[in-house]
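S.K.: Based on the provided sequences and hints, a complete structural model is requested.
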Amino acid sequence: MSVDRRAVPLLAITDLSVEFRTRSGVVQALDSVGFAIKRGETMALVGESGSGKSVTAYAVMGILDAAARVTQGSIVFGGLELLTAERKVLDEVRGREVAIIFQNPRTALNPIRPIGRQIADILLRHGNVTAAQAPERAVEMLARVRIPDPKRRAAAYPFELSGGMCQRVMIALALACEPALLIADEPTTGLDITTQAVIMDLIAELASAHNMATLLITHDLALAAEYCDHIAVMHAGQIVEIAPKQQLFASPRHPYTAKLIAATPGDTTRLDALAAIPGGLPDLRRVDLPACRYSARCERQSDDCLVPPLPRHGHGDGRLVMCQHPL
Amino acid sequence: MTEALRHARYVLAENPVTLFAFALFTFLVLCAVAGPSLVPYDPLASDTARALTGPSASHLFGTDQLGRDIFSRIIVATRLDLGIAVTSVALAFAIGTLLGISAGYFGGWTDRIIGRVVDTIMAFPLFVLAMGIVAALGNTLANIVYATAIINLPIYARLARTEANVRREAGFVEAARLCGNSEARIVLGQVLPNIMPLMMVQVSLTLGYAILNAAGLSFIGLGVRPPTAEWGIMVADGASFIVSGEWWVAFFPGLFLMAAVFCFNLMGDGLRDIVDPRMRT
Amino acid sequence: MLTAPLLEVSGLRKLYPMVAAKGWRRAPASSLHAVDGVGLTIGKGETVGLVGESGCGKSTLVRLLARLIDPSAGTIRFAGADIGTVPARRFGRGKERAHIQMVFQDATDSLNPRFTAFRAIADPLRRLSRLTGTALRARVEEVARLTGLPPELLGRFPHQLSGGQKARIGIARAIAVEPRLLILDEPTSALDVSVQAAILNLLVDLQTSQDVSYIFISHDLGVVNYLADRVAVLFLGRLVEIGPTRAVFAAPHHPYTEALVSASPSLTGSGAARIRLQGEIPSAADPPSGCVFRTRCPRKIGAICEEQQPPARDAGDGHRIACHIPVEELRRLQAPTS
Numbered sequence: 000m001s002v003d004r005r006a007v008p009l010l011a012i013t014d015l016s017v018e019f020r021t022r023s024g025v026v027q028a029l030d031s032v033g034f035a036i037k038r039g040e041t042m043a044l045v046g047e048s049g050s051g052k053s054v055t056a057y058a059v060m061g062i063l064d065a066a067a068r069v070t071q072g073s074i075v076f077g078g079l080e081l082l083t084a085e086r087k088v089l090d091e092v093r094g095r096e097v098a099i100i101f102q103n104p105r106t107a108l109n110p111i112r113p114i115g116r117q118i119a120d121i122l123l124r125h126g127n128v129t130a131a132q133a134p135e136r137a138v139e140m141l142a143r144v145r146i147p148d149p150k151r152r153a154a155a156y157p158f159e160l161s162g163g164m165c166q167r168v169m170i171a172l173a174l175a176c177e178p179a180l181l182i183a184d185e186p187t188t189g190l191d192i193t194t195q196a197v198i199m200d201l202i203a204e205l206a207s208a209h210n211m212a213t214l215l216i217t218h219d220l221a222l223a224a225e226y227c228d229h230i231a232v233m234h235a236g237q238i239v240e241i242a243p244k245q246q247l248f249a250s251p252r253h254p255y256t257a258k259l260i261a262a263t264p265g266d267t268t269r270l271d272a273l274a275a276i277p278g279g280l281p282d283l284r285r286v287d288l289p290a291c292r293y294s295a296r297c298e299r300q301s302d303d304c305l306v307p308p309l310p311r312h313g314h315g316d317g318r319l320v321m322c323q324h325p326l
Numbered sequence: 023m024t025e026a027l028r029h030a031r032y033v034l035a036e037n038p039v040t041l042f043a044f045a046l047f048t049f050l051v052l053c054a055v056a057g058p059s060l061v062p063y064d065p066l067a068s069d070t071a072r073a074l075t076g077p078s079a080s081h082l083f084g085t086d087q088l089g090r091d092i093f094s095r096i097i098v099a100t101r102l103d104l105g106i107a108v109t110s111v112a113l114a115f116a117i118g119t120l121l122g123i124s125a126g127y128f129g130g131w132t133d134r135i136i137g138r139v140v141d142t143i144m145a146f147p148l149f150v151l152a153m154g155i156v157a158a159l160g161n162t163l164a165n166i167v168y169a170t171a172i173i174n175l176p177i178y179a180r181l182a183r184t185e186a187n188v189r190r191e192a193g194f195v196e197a198a199r200l201c202g203n204s205e206a207r208i209v210l211g212q213v214l215p216n217i218m219p220l221m222m223v224q225v226s227l228t229l230g231y232a233i234l235n236a237a238g239l240s241f242i243g244l245g246v247r248p249p250t251a252e253w254g255i256m257v258a259d260g261a262s263f264i265v266s267g268e269w270w271v272a273f274f275p276g277l278f279l280m281a282a283v284f285c286f287n288l289m290g291d292g293l294r295d296i297v298d299p300r301m302r303t
Numbered sequence: 016m017l018t019a020p021l022l023e024v025s026g027l028r029k030l031y032p033m034v035a036a037k038g039w040r041r042a043p044a045s046s047l048h049a050v051d052g053v054g055l056t057i058g059k060g061e062t063v064g065l066v067g068e069s070g071c072g073k074s075t076l077v078r079l080l081a082r083l084i085d086p087s088a089g090t091i092r093f094a095g096a097d098i099g100t101v102p103a104r105r106f107g108r109g110k111e112r113a114h115i116q117m118v119f120q121d122a123t124d125s126l127n128p129r130f131t132a133f134r135a136i137a138d139p140l141r142r143l144s145r146l147t148g149t150a151l152r153a154r155v156e157e158v159a160r161l162t163g164l165p166p167e168l169l170g171r172f173p174h175q176l177s178g179g180q181k182a183r184i185g186i187a188r189a190i191a192v193e194p195r196l197l198i199l200d201e202p203t204s205a206l207d208v209s210v211q212a213a214i215l216n217l218l219v220d221l222q223t224s225q226d227v228s229y230i231f232i233s234h235d236l237g238v239v240n241y242l243a244d245r246v247a248v249l250f251l252g253r254l255v256e257i258g259p260t261r262a263v264f265a266a267p268h269h270p271y272t273e274a275l276v277s278a279s280p281s282l283t284g285s286g287a288a289r290i291r292l293q294g295e296i297p298s299a300a301d302p303p304s305g306c307v308f309r310t311r312c313p314r315k316i317g318a319i320c321e322e323q324q325p326p327a328r329d330a331g332d333g334h335r336i337a338c339h340i341p342v343e344e345l346r347r348l349q350a351p352t353s
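Sequence lines, in order, name chains X, A and R.
Last residue of the first sequence: 326 (the working numbering), numbering continuous.
Last residue of the second sequence: 303 (the working numbering), numbering continuous.
Last residue of the third sequence: 353 (the working numbering), numbering continuous.
Think of the hints as simulated: they come from the structure by calculation, not from any bench.
Check the hints yourself; a few may be wrong.
Cross-link-like lysine to aspartate or glutamate pairs, in silico, EDC-like; alpha carbons within 20 Å at most [what the hints assert, rightly or not]:
hint: 1; chain 1: R; residue 1: Lys-110; chain 2: A; residue 2: Asp-259
hint: 2; chain 1: X; residue 1: Lys-244; chain 2: X; residue 2: Asp-200
hint: 3; chain 1: X; residue 1: Lys-87; chain 2: X; residue 2: Glu-139
hint: 4; chain 1: X; residue 1: Lys-244; chain 2: X; residue 2: Asp-219
hint: 5; chain 1: R; residue 1: Lys-110; chain 2: A; residue 2: Glu-196
hint: 6; chain 1: R; residue 1: Lys-110; chain 2: R; residue 2: Asp-85
hint: 7; chain 1: X; residue 1: Lys-87; chain 2: X; residue 2: Asp-3
hint: 8; chain 1: X; residue 1: Lys-37; chain 2: X; residue 2: Asp-14
hint: 9; chain 1: X; residue 1: Lys-150; chain 2: R; residue 2: Glu-295
Derived contacts from chain A toward chain R, CB cut-off under 7 Å, selection only [stated by the list, open to error]:
hint: 10; residue: Gly-193
hint: 11; residue: Gln-212
hint: 12; residue: Asn-216
hint: 13; residue: Leu-220
All C-beta atoms in this analysis are idealised placements derived from N, C-alpha and C, irrespective of residue type, glycine included.
M.R.: Below, the structure is given as structure tokens:
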């Protein structure tokens with residue numbers, strides 16, 4: 000079985016729940032997470048630390064920690080169910096059909112291998128390239144991500160490059176085989192603002208050139224607003240709202256989304272208008288977690304927020320709110 | 023504090039070997055402290071009529087060539103061996119840590135000079151150096167302690183230096199300067215408490231080595247002098263009797279020696295597990 | 016009526032000699048210009064934001080102002096007194112030490128892992144305010160209350176506390192000795208948005224209740240916009256622009272500021288075309304001649320940018336732009352095309 004890039008939607012996650020077995024208990028990291036991405040779309044998965052956004056991304060790539068267990072749900076990519084696919088099939092899909100770039104580019108690259116070789120490695124593994132052609136194609140990839148003097152730089156090691164350059168190399172690695180979906184896990188944390196803009200612009204440009212779907216994982220709502228068409232907001236392992244960008248900011252339906260927007264300082268925020276969100280994340284090791292994990296911090300909460308199932312209010316054209324009392 | 027104890031209990035529960043090592047350690051300390059007053063025989067009393075009798079009900083570990091009770095001698099020797107080890111390690115620890123932390127924190131010429139001193143010590147095969155020091159200064163108990171302290175100094179100096187070097191750029195050091203702390207206060211009051219756990223682990227490991235060192239010196243005749251009861255001397259005495267079949271003269275002291283070194287090494291590993299921040303989440 | 020500024024900095028320089036080893040001899044090959052001729056003033060109760068990217072020297076600058084390191088040249092005057100010439104080590108023993116305090120970027124790193132929260136806050140009080148016993152305990156608890164730290168957390172160690180709580184301890188420790196100037200190095204960049212909002216609000220409240228001036232570094236222009244009365248923009252150790260926040264972030268402003276604002280993602284989405292910086296990032300060890308920004312500037316006008324350092328042009332109301340392009344011309348070039 001292989002991946003059909005024309006499948007609609009390209010990626011469909013349904014009711015995904017993941018738990019982690021740790022020394023201090025079982026952590027319910029994800030609870031019925033579900034969203035879909037169509038071919039060529041850009042979606043942002045926005046959430047604070049502990050929201051489970053990285054776990055979701057890793058589940059799609061199949062690189063979850065050994066202590067993780069998927070307790071329910073499905074991840075269908077191009078018509079292929081990833082959670083039950085054979086190891087051989089997954090190895091083909093990973094890297095060729097779906098690629099990921101990570102947060103800390105320098106540590107994600109092999110420190111003792113020149114960058115040109117690392118790209119060539121991926122090309123040889125997944126692309127239809129001969130050993131003789133690979134080095135040249137690697138230099139082409141470096142040029143495509145706008146690394147100056149690519150032929151000379153191909154021999155460089157990661158430690159010789161700046162953070163921004165390393166991230167470009169990661170993008171080159173990810174895009175080497177022209178995947179249908181690119182997952183970018185906090186790709187610009189730690190980079191300067193101007194470098195961040197350049198990297199994000201590059202990803203956007205390459206994505207549109209290849210009709211590649213992008214899943215951007217970030218805690219930065221403004222970044223999501225700038226670069227993505229659709230935004231899915233996560234809180235404590237649950238998806239709380241999904242909406243096209245304009246609608247999310249114009250009229251957020253979930254209380255948490257509204258609070259998150261109000262807490263982000265922007266151009267016009269007045270000195271008394273910044274709102275903190277009270278309380279903290281619930282302990283995900285508890286067995287008695289309420290159905291809505293935001294309820295403890297929410298002003299609109301009532302008793303039916305504690306009891307499953309959590310209602311899904313769909314509004315067509317990609318809007319979804321998981322709330323008993325949407326705004 | 024209680025959280026540390028809880029974590030310690032967890033580690034001990036998970037690791038029965040460490041628990042065993044701690045139990046053994048407690049036993050040895052008891053022997054050292056209470057032993058001499060509880061032994062059945064006077065360790066120095068010889069009874070040539072009973073020389074070289076094997077283990078029996080009256081002499082648990084048998085008697086040596088002068089008829090002395092081996093069991094009593096071994097228990098009494100615990101105090102001496104442990105005492106030498108603890109004193110010399112304490113000295114090595116105190117001086118080595120101070121030198122190392124200064125070298126690591128201040129850098130520059132302090133680091134260079136201390137580094138050369140430590141390198142000089144390490145240039146020699148350490149046991150040979152100990153031999154040389156004792157041979158030159160005379161084999162008194164004090165000299166054995168000094169010699170053992172000197173050869174163990176470098177390891178503390180190096181460890182302290184590395185740890186201090188890493189921490190001197192840390193945020194809390196800068197914050198301490200903002201609070202008006204002098205450099206000396208920062209080194210002793212802020213950096214030192216941070217490196218103590220790792221140093222304590224090293225102490226445990228060095229104790230084993232120090233015992234072996236003291237016993238080794240005695241074994242070759244450069245250490246404690248007869249008729250004092252000491253494990254090394256006892257092994258040396260018993261070595262000549264192994265061939266003729268009186269195995270117990272060397273065996274039991276050797277067993278205790280091994281147990282002590284074993285115990286300290288295991289304890290060191292266990293302490294490292296308790297103290298290593300990576301295990302704390 | 017002009018009140019005397021709290022802090023006056025002029026011509027501040029910090030050079031790090033870079034030594035090249037040539038066999039036995041070591042010749043200083045060049046210097047790294049970490050901070051190169053910065054001048055600014057801060058008034059009482061004012062908040063000044065410092066923006067700039069990596070390598071701009073902002074960390075070095077704030078450490079100079081906090082007197083943790085010594086300047087190579089230039090003056091620093093605090094409440095009229097010259098504090099720049101006192102070596103950093105001696106400054107720690109003087110009474111001015113309590114007047115200037117700092118909050119660090121990484122709260123976890125800035126707390127001694129072996130000390131409880133209580134001890135972290137008590138340390139400056141012991142050293143600088145000379146408090147002991149019950150007076151000490153009372154003050155620590157008062158400061159903890161001021162910064163929103165529940166008193167039961169005072170006995171905890173850093174690894175038992177959340178990011179937001181550690182940030183509060185960092186702030187509590189700094190304001191405990193009632194400083195007049197508080198320097199904050201990216202105080203919220205390691206925190207989640209919701210926690211950041213709480214800390215920012217805390218900083219605003221503290222400023223009014225404690226009557227303290229702030230200098231803070233942030234890479235988030237939204238935060239700078241929120242907190243700062245004035246903004247200073249640094250590039251490669253030079254101050255390229257300074258002025259009231261609204262004025263600096265709107266045209267006319269320095270081409271570098273223009274690029275920063277353009278690159279900064281915003282919730283509302285600027286819609287304007289992205290300004291792309293060209294060229295190689297210059298190194299502080301070998302800064303470009305003339306205007307240090309010229310190798311990356313999209314508005315470079317010609318040879319003058321390479322030959323001469325740009326003058327500080329007055330754009331009104333304390334707003335200064337260091338550029339060869341006159342202010343009116345900048346205004347015309349940067350006007351939004353509708």
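S.K.: With chain R as the partner, please determine if Leu-220 of chain A meets the hint condition of a C-beta pair closer than 7 Å.
M.R.: violated, 12 Å
S.K.: For the pair we were handed, Lys-110 of chain R and Glu-196 of chain A, check the Cα-Cα distance against 20 Å.
M.R.: With Cα atoms ~18 Å apart, Lys-110 of chain R and Glu-196 of chain A stay inside 20 Å; holds.
S.K.: Are the Cα atoms of Lys-244 of chain X and Asp-200 of chain X separated by 20 Å or less?
M.R.: holds, 18 Å
S.K.: Regarding the pair Lys-110 of chain R and Asp-85 of chain R, is the alpha-carbon distance no greater than 20 Å?
M.R.: holds, 18 Å
S.K.: Below or equal to 20 Å on CA atoms is what counts here, so check Lys-37 of chain X against Asp-14 of chain X.
M.R.: At roughly 18 Å apart (the allowed maximum being 20 Å), Asp-14 of chain X and Lys-37 of chain X satisfy the hint.
S.K.: When you check the alpha-carbon spacing of Lys-244 of chain X and Asp-219 of chain X, does it fall within 20 Å?
M.R.: holds, 14 Å
S.K.: Take a quick look at whether Lys-110 of chain R and Asp-259 of chain A sit within 20 Å of each other, Cα to Cα.
M.R.: violated, 70 Å
S.K.: Regarding the hint that Gln-212 of chain A lies at the interface with chain R, is the smallest CB-CB distance below 7 Å?
M.R.: holds, 6 Å
S.K.: Quickly compare the C-alpha distance for Lys-150 of chain X and Glu-295 of chain R to 20 Å and report which way the hint goes.
M.R.: Satisfied, since the Cα-Cα distance of roughly 17 Å is no more than 20 Å.
S.K.: Answer holds if the nearest beta-carbon of chain R is closer than 7 Å to that of Asn-216 of chain A; otherwise answer violated.
M.R.: This interface hint holds because 6 Å falls under the 7 Å limit.
S.K.: Given the hint that Lys-87 of chain X pairs with Asp-3 of chain X, test it: the Cα-Cα distance must not exceed 20 Å.
M.R.: holds, 17 Å
S.K.: Once the shortest beta carbon distance from Gly-193 of chain A to chain R is found, is it less than 7 Å?
M.R.: Holds: closest Cβ of chain R sits about 3 Å from Gly-193 of chain A, inside 7 Å.
Hint compliance for this structure: hints 1, 3, 13 are broken, all remaining hints hold.
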